[in-house]
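Novice: Line by line, the protein sequences are chains A and B.
So for the first sequence, the numbering used here puts the first residue at 12; every next one is plus one.
So for the second sequence, the numbering used here puts the first residue at 12; every next one is plus one.
Each hint can be trusted.
Straight-line distance between alpha carbons at most 25 Å, and here's what the computed PhoX-like set of lysine-lysine pairs gives: (1) K434/B - K61/A; (2) K26/A - K366/B; (3) K399/B - K26/B; (4) K154/A - K139/A; (5) K307/B - K263/B; (6) K61/B - K61/A; (7) K26/B - K189/A.
It is worth saying that the hints were derived from the structure and are not from the lab.
These figures come from a predicted structure and were not determined experimentally.
Protein chains: 2
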Amino acid sequence: MKSKDKFEIISEMAKRRGFFWPSYEIYGGVGGFITFGPLGSILKRRIEDKFRNFYIRPLGILEIESSVIMPGKVFEASGHVDHFKEPIVECLKCKRKFRADHLLQEFAGMSDTETEKLTLQELMNEIKKRNIHCPECGGDFGKTEQFMTMFTTTIGPYSEATGYGRPEAAQGIFVEFKRIYESARGRFPFGVVQIGHALRNEISPRQGPIRLREFTIIDIEFFLDPEDLRCPLLKEVENDTLKLIIAENKLKGIKEPIEVTVKQALNKAYIKAEWQAFFMALAKRFLVELGVPEDKQRFIEKLEWERAHYSVQGFDQEVYLERWGWVEVSGHNYRTDYDLSRHMQFSGVDMKVFKEAEKGGRRFIPHVVEPSFGSDRLVYIALEYAYKTKKNRTLLSLSRELAPIQVGVFPLVSKDGLPEKAKEVYQMLIREGFTVEWDESGSIGRRYARADEVGTPLGVTIDYQTLENGTVTIRDRDTWRQVRSKIEELPELLHAYFRRKIDFEDLGQLIKR
Amino acid sequence: MKSKDKFEIISEMAKRRGFFWPSYEIYGGVGGFITFGPLGSILKRRIEDKFRNFYIRPLGILEIESSVIMPGKVFEASGHVDHFKEPIVECLKCKRKFRADHLLQEFAGMSDTETEKLTLQELMNEIKKRNIHCPECGGDFGKTEQFMTMFTTTIGPYSEATGYGRPEAAQGIFVEFKRIYESARGRFPFGVVQIGHALRNEISPRQGPIRLREFTIIDIEFFLDPEDLRCPLLKEVENDTLKLIIAENKLKGIKEPIEVTVKQALNKAYIKAEWQAFFMALAKRFLVELGVPEDKQRFIEKLEWERAHYSVQGFDQEVYLERWGWVEVSGHNYRTDYDLSRHMQFSGVDMKVFKEAEKGGRRFIPHVVEPSFGSDRLVYIALEYAYKTKKNRTLLSLSRELAPIQVGVFPLVSKDGLPEKAKEVYQMLIREGFTVEWDESGSIGRRYARADEVGTPLGVTIDYQTLENGTVTIRDRDTWRQVRSKIEELPELLHAYFRRKIDFEDLGQLIKR
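If we strip away everything but chain A, and leave its shape as in the complex, we get (with noise of 0.2 Å):
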């Protein structure tokens, strides 16, 4: 029997537990949709507040929430209606479609590189050559389209009104740029984020939580001075190292990444924007902090024919993943002023600032860096680096920051009042804004197992000595230590725990067993 490979055993687990799972299975599925579950959509949440702590917060990044449903107008001057496409091919026979590039690299082994470079002629004209048929009927393929892959609908009762579902969040930043620029009163450099659904019509989704139809995105439009690129916060990772594949070496056919310094990679111009190169260094950090080991990671520059139509240099923040070996988990492109001077184009309004200087001062319109996650993946990647087992049992090893649940409560039997005495903890722990899993089946040992499994830190015990002394058992995921502590002394305690500021020994008092 082949062994089970992490995502199978992952997917399993997220399905049985509640992290998340495809969507629709009663009406036999549509490819590209999950549902979080219970702990799932707590997970996510926890892992998009984190990002607010690491990213947004410390630099003062403005967030926004808009609509996910946008007017026609905007894709047609953000260059989407004209660009966001993909080649598709419909078999003859059986009438079904493919990605035409996907074929080419499935069947005939061709990397993303040499199939983004090809014309829709040029796809056809290898698909011919290399004699790919139908995978599902063998039939013969037609010409050669291009298939827009936005979501298109109508916005009112009028049928010219289209809208599209947006591909990214980046562009209801943009639009809405002068109202938030508005509100920054004055400062500038400054960040714009929104976290939010986006919607990508794929033709077949496969890879679960990796390729999704509709994903919550994570853009962050940072707008600068293009005649200053200057990061003043560059000192702070001047120093960290990065793994990258730069296009050069790309080109040359080169497979392994260069480690360089943030520093040296600006130095010898492997990265164009400090602020790109910044960005970058804290995507990095930023996976570490979900628990993926920095050999884990590396970047990988898009050549031209790869970039998006509005980046002119891109980098892909990659993680190895064990099914999928390498995955993209954010993207960082150098924007310029394309989608600001577009909007303005087509919409008529000005969108410069103004800056002093010296001698009066200067109207222009910012240049944009953007680093751009999706916390689907995220979600999936932090699963999957947490995985561990201990004695043939599952351990979740989720930072204290990212597990779903916070503590476990347990009386230790079901009768003599622990239960009830149990009830009074776990209250007190939901009053005090933990979350807090109450479990009373099956033997200690069990709970103990169900909760490890999905990565709570902490286990509160209520036994016999707990009605004579007041005290409870709190035991450790990880290391399966316990220690004492009074009730009453709890809510503090793990108030401190969860901010970091003690760690599990400093708790109670340890049991030597």
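Mind docking chain B on chain A? Use the hints.
Specialist: The following block gives chain B in isolation, referenced to the frame of chain A:
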């Protein structure tokens, strides 16, 4: 000059200070979409988090997150494809389209209770009879037709794969009921909530944040045993009073609500299900927490022909707003087993639950009681009710849990090392996880005024005394009183204050003036 009403004042402030504004202004605007700016997006999130703390965590309700675009089958089963429609009428001259019922309400003074009852033909007859013409060009109207108010799209490359934008988050829960029930591990009854964007393709939305095409919905589906609708938590709320306009009185034309306790409402069978009464009482308490006094709230029962197709009893919770009068803020529907039964029928998948009983057990389709809120309206309502003036200055008296900015940090003057010292305090508070605003421009009075206008409860000022003894002043937004405390004690003091363990006067030594 006509004095501004609160809606105008709040909207102007919301735009200027970055709470919210109509989206896509640079393209002339598109009705029914708003953007939450930097302060609004935090306020909205805080309201949603307060809801979680109030409704979700104490009741052990499970939260999920699913997609906004859903396959057609879901809404065929749910009945939305057949029922989610509004009557529309086109001007024969200018081709503009209008809601037929809204025309009768606006130009013939009919109530929505009256118009809801009319068939398409009757609507048309009334429009003719009352001689209503196009309000834009005076033209005659054509035939009244049904307009489906779900956004329609196509999922993937096959044109027959219709998808809809979800008009409620509830269906994302119903179609995944089996999986969610699995992760509830036998708990019953139990609730599931989803907070997320929803879409309704309104014909001509006005009223700013009150009627939107895209909005955030909070749907709780509480699953019950139809043979046991009792709510064990009823004791907690049974003496709360509710103002009810019951269907019977509404039919008699009585417009004044009756005021009864929850217990009475159930005894007199005004409300059918105990859980529904419980959730209505919580909804009232929640709105009180958001700042809406009891006498500005009421519940109005839906008549048979006003109810959604899935509901056997429905109440709207209404809040009084200065411009629009009574506005729906939450809906409380007893959906029975309608949705789960329909999905069973359409998918062929069994969704019954098993309940052990003394003699064997019983399998049944759960019944559902649904409280449903809209976040966007809650944001507006919280702002309108927080709006105060004091000595001709605007002051937003948002509760400390809701205020977007928790602490303002102000160097008294921009010299002598005060900004540097203030920056240290600012950074420390950011690291502690607080939402902090830095402001050093203009007089300290103006900075306090700017902070009061957006509801920042505390202002920390760094002055010359700070450099001497490491103390700062903390100012209270509502009373403008000040206390002095040590910088190193700020983190603990502020955590305690925002967790409501202490009040303003406990933050330090009162400064007498």
